Amino acid sequence: MNIYVGNLSWNMTSEDLENLFTPFGAVASAKIVTDKFNNNRSKGFGFVEMPNDDEARAAISQLHDTEMLGRNIVVNESTPRPEGERTFKKKPYGAGGGGGFNRGGSGGGFNRGGTGGGYNRDRGGNGGGEYNRY
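Under my numbering, the first residue of the sequence shown is numbered 830, with each subsequent residue one higher.
Simulated from the structure, these hints should not be mistaken for laboratory data.
Simulated restraints on C-beta separations: (1) Glu912 with Ala887: 28 to 34 Å; (2) Glu912 with Asn868: 30 to 36 Å; (3) Phe866 with Arg886: 34 to 40 Å.
Quick caveat, the model's predicted, so the values are computed rather than measured.
Ideal placement from N, C-alpha and C gives every residue a C-beta, glycine not left out.
Work out the full structure: start from the sequences and follow the hints.
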């Protein structure tokens with residue numbers, strides 16, 4: 830069973846997480862998720878995999894909402910993300926969004942108004958397209 834463990838102290842290591850679950854049974858893996866863009870700092874959650882479901886359920890019921898390094902941790906069964914679901918959904922080309930050189934409205938790229946992407950000189954309306962002078 831895969832177990833989600835959240836609200837962890839940023840000082841907690843994957844080894845600490847494994848040691849927390851070992852008294853309940855065999856631990857196949859324990860990993861704290863880190864932010865690769867921020868010096869591998871902990872994101873405050875992790876996952877533990879236990880091969881025996883009964884031992885995993887016992888660990889969940891005993892550890893959920895207990896204090897660990899000054900924080901009440903959240904422990905529950907991890908549910909897999911539905912097939913094909915992504916964390917960041919792609920927007921269709923020309924759809925709204927922020928960023929780039931923006932002089933009004935919202936949109937990406939070099940945008941002077943409206944809500945489109947690309948180089949948009951339309952000072953009103955919704956813009957869109959790659960290079961719109963109308």
